[in-house]
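Chains as they are written, first to last, in our numbering: chain A, 1 to 640; chain B, 1 to 297.
Some hints here could point you the wrong way.
To be verified - Reference excerpt, derived from the structure (chain B facing chain A, CB under 10 Å, subset only):
| # | residue |
| --- | --- |
| 1 | R16 |
| 2 | D194 |
| 3 | P198 |
| 4 | R202 |
| 5 | R212 |
| 6 | I225 |
| 7 | V226 |
| 8 | H229 |
| 9 | L281 |
| 10 | K285 |
As the list claims (entries may be wrong) - Straight line, CA to CA, 25 Å or less: simulated DMTMM-like cross-link-like pairs of lysine to aspartate or glutamate:
| # | chain 1 | residue 1 | chain 2 | residue 2 |
| --- | --- | --- | --- | --- |
| 11 | B | K201 | A | E557 |
| 12 | A | K467 | B | D251 |
| 13 | B | K201 | A | E593 |
| 14 | A | K618 | B | D251 |
| 15 | A | K425 | A | D379 |
| 16 | B | K285 | A | E623 |
| 17 | A | K233 | B | D81 |
| 18 | A | K618 | B | E267 |
| 19 | A | K624 | A | E514 |
| 20 | A | K428 | A | D401 |
| 21 | A | K425 | B | D251 |
| 22 | A | K618 | A | D600 |
| 23 | A | K624 | B | E267 |
| 24 | B | K201 | A | D600 |
| 25 | A | K428 | A | D362 |
| 26 | A | K627 | B | D251 |
| 27 | A | K372 | B | D28 |
| 28 | A | K519 | A | E493 |
| 29 | A | K624 | B | E27 |
| 30 | B | K132 | A | E557 |
| 31 | B | K201 | A | E493 |
| 32 | A | K618 | A | E593 |
Keep in mind that the hints were calculated from the coordinates and are not lab data.
Predicted, not measured: the structure shown is a model, and the values here were computed from it.
No residue lacks a Cβ here, since even glycine has one placed at the ideal position from N, Cα and C.
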Amino acid sequence: MKALLTSFDLFVIALAFVIMGLGLARRWALWREKKPAGIAGNWQGLMASVLAHRGILDRPAVGLGHLAAFWGVAIPLLVIIVAQFGFIIPQAPARLLSLIQDLAGAALLIGIVYLLVRRLGREESEGPSRTLLPIILLLVIAISGYLAAGARMSILGTGEAPWSSPFGWLFSLIAPASPVFMQMMIRLHFLAVLLLIAAIPYTFMRHAVASPLNVFYRKQGPRAALTQPTLEKGAVGARTVDDLSWKQLLDAEACVACGRCEEHCPATISGKPLSPRKVIRTIREQVETVRTQGKSSGNGAALPLLANDVTADEMWACTSCMACIEHCPVAIEPMDKIIDMRRYQVMGEARLPSEARPMLRDLEIYGDVQGKGAAHRADWAMHRDVPEIGRSANPGAAEVDVLLYVGCSGAFHPRNQETSRAMAKILKAAGIRFAILGSEECCCGDPARRLGDEALFRRLARQNITKFEQYQVKKIVTLCPHCLNTLKNEYPELGCRLEVVHATEMVTELIREERITLKYPVADKITLHDACYLGRYNQVYQPPRDICRAVPGAALEETERNQEKGFCCGGGGGRMWLHENIGENINVVRAQEITATDADLIGTACPYCLVMLDDGVKSLEMEKTPKVADVIDIVADALG
Amino acid sequence: MHIIVCAKQIRHTYARTGTSPDTHYIEDWDGVYRVNPHDEAALELALRVKDDHAGITVSLLTMGPMIAEHELRRCLATGADNLYQIDGNNAPDTAQEPIDQPDPWEKSDRLARAVKSLNGDLVLCGKESLDKGNGQVGALLAHRLARPFVSAITDLGLATSDGQVQVQRSAGRGVREIIACQLPAVFSVDLGVDLRLPNLKRRQWADEYPPRPVEGNGESAPPRIVCKHRFQPRPRPKLIPAPDSRQHAYDRIMQLLTGSTVEKKGEMLTGSPDSQVEGILAFLKTNGFLESDRSDE
């Protein structure tokens, strides 16, 4: 191929790129000021996401369609750009290149037709209108390209190697052998490509820039640990879009509204008004409004409130289960925005659903969610010879290998107290030197934090951290995944870095090292419910499964949605203390799904899940209600 | 208009986990320091009046050392304008034991002098305190100030024109009274109103706020009554119903140990009304509540 560009063409190309550049710069200006200086990118994740479409392929059909369209654009574009430099390549590789080019075009054509058909079938408000223009442009590009190639082949004849462009040959059957037609098609092709390039910032296609950027700057470290607002400087969560961070705004820009978050969101599925997709879209729309307003009014004095467009029912429906984050192919996190909005409601406006107020008040006064008080915190261990670290003769790290952090549920809820006793029994059977904080323990702060009361979270966390330091704690084992997440992933920001493991991880280790043996059968068929804060938050999927397999005579049956796709019990994110008035109850939805496995024992690893599922299963009023038990209970039972 | 809300800082002892009889088996961690909940309700009523009318100042008035400082500042953050402290300096800094507290006569004297020096038009206080439960201070305060007194109010409305207020009081057993009263007055407040939350900005302001001392002039009144002894309740024996004999021995022992109640298993009747009626009849007959057909013959 030779360079075919005239100076006019060069001018048009430059124009297209200038238009694109200006458009991108204008979008970029929306969030540029907020970009933190030392933010690190992630090349590996970017490559996996862009080149291999990791995440997008979770939906196989549309994922493959997108993959085809992506490579169908990327390969020919690359080849054509390279071709402008006028290489002379031997015939064999050139033919191979032509074949690849031809197949890539076919992939684009098939992919884009599939996406178009799929779009037209949908009745979503925002779908067709936004994506139609780019899709039609791509369609024009593909067809005109083939028609041009076909016309060229009709004029020149198929030559000695028709295999090198099979689809082009197909089109040559219908394309007239006229040079004028070929030139027209080439022009059309060329213009459509430039139009598409110029249109990137102004249409749906800007996701081609913003989404990879978002993946590149995806959050490092613990996956969904919340970050601290600087309360001292008066930051009290998100009142308007101005209070959101750079990454949070980039999230909104990167969203293509594919709806994967919605598909997995327990709130949406159970009929609540919340949709993570809508939250993100609202933020983007408000950012765009700010831009147009900013020009007219000069400053951002009259920014629209986030709460105007995200209602209280939506904001408080989130169970913080992280399903939206897990399933977003471009690393968008709707959850932290929802928490930020809650923070503003609670700390800025002092507004909180009234049913959750007594719980926060109990946390403030008594330091636990049930308001029973620190004096009763070790009641579950009464007369059971569980050592309390502060009351031993020589309090300090020397005598104790691991601190058992019981948590409010394990200490006070009658059903979860059994789990605490089971854990103490296991640790004793394994001969581990452990202790509890007893009355010196207080809530880890998770319920307050998820409900938006950051100040209270800090107070509780500091109280705990002081105790950990006082007794020189090295390793902590928690019974509750919420405590695990808070202690392991969120305390480091407050300067407390300790080794924190969940009880299931520790027990798995004990079983593997044969320090305990499970002797007695407890059930024929066990199924497992994955706790969000254990699985998605901390990637602990295997230990509960290993434990169930170690139980003699038990078969493990997986539920339909498990591990990464696990469905929330409805108790996280403070929902445990809020009423569920709209739609179905999430725990009942989950209970129906679990009981479909016909298991006679439902294992879980979280006190909230245990209580929620127990309620859910009982409300189904089945002939034979399966038992719900913590995995730790199961182990203790099997120990004999 | 100046509303003064009396807020008592108390140590609320809710448990007895200690081992020493000298301390009445009470340890440090058996109590929490907080503001008397009735006084919090009083503050809420005052703040509601402040929300509805302009030109109203709400001041908190506390007595003695700041034993529940965090909670008191939280009250301040919910919307009060000032925080006054009586005897902040010469009181001992240790925890205020209920037995060592001044008697209601003495307390009301100090409070009355403080209210006079602050020019309070309306004084609200809690119906009683959680640690002492005397319920006298409000009435005695009204007596000393020679003002009308309404006890146990649950709602407070301010008429804008003639300085008259309308209050709702609970007369017990769910009976309510609406009472009209001329200002200045003293009311004591019962629980029941939903409390508000403070926002963070107010909290940060309240944390920095220095309590303003008020000193009553002259000697305070001598105590009229003296509390000689204070007995803690004996722990009540826990009543445990006999476990269900249908259950396993292990479960029965566990029930006795944990002191949980016996779960009674019910049976849900479904189907048409007729079959449900039959079900109920069958149940009554098998359990001997109804004589079966056979005995009729």
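Checked hints:
no., hint, verdict
1, R16, "holds (8 Å)"
2, D194, "holds (6 Å)"
3, P198, "holds (6 Å)"
4, R202, "holds (8 Å)"
5, R212, "violated (25 Å)"
6, I225, "violated (31 Å)"
7, V226, "violated (30 Å)"
8, H229, "violated (24 Å)"
9, L281, "violated (22 Å)"
10, K285, "violated (24 Å)"
11, B:K201 to A:E557, "violated (52 Å)"
12, A:K467 to B:D251, "violated (37 Å)"
13, B:K201 to A:E593, "violated (46 Å)"
14, A:K618 to B:D251, "holds (20 Å)"
15, A:K425 to A:D379, "holds (16 Å)"
16, B:K285 to A:E623, "holds (24 Å)"
17, A:K233 to B:D81, "holds (23 Å)"
18, A:K618 to B:E267, "holds (13 Å)"
19, A:K624 to A:E514, "violated (35 Å)"
20, A:K428 to A:D401, "holds (13 Å)"
21, A:K425 to B:D251, "holds (17 Å)"
22, A:K618 to A:D600, "holds (13 Å)"
23, A:K624 to B:E267, "holds (13 Å)"
24, B:K201 to A:D600, "violated (53 Å)"
25, A:K428 to A:D362, "violated (33 Å)"
26, A:K627 to B:D251, "holds (15 Å)"
27, A:K372 to B:D28, "holds (15 Å)"
28, A:K519 to A:E493, "violated (43 Å)"
29, A:K624 to B:E27, "violated (48 Å)"
30, B:K132 to A:E557, "violated (59 Å)"
31, B:K201 to A:E493, "holds (23 Å)"
32, A:K618 to A:E593, "holds (14 Å)"
When held up to the earlier numbered hints, the structure conflicts with 5, 6, 7, 8, 9, 10, 11, 12, 13, 19, 24, 25, 28, 29, 30 and fits the remainder.
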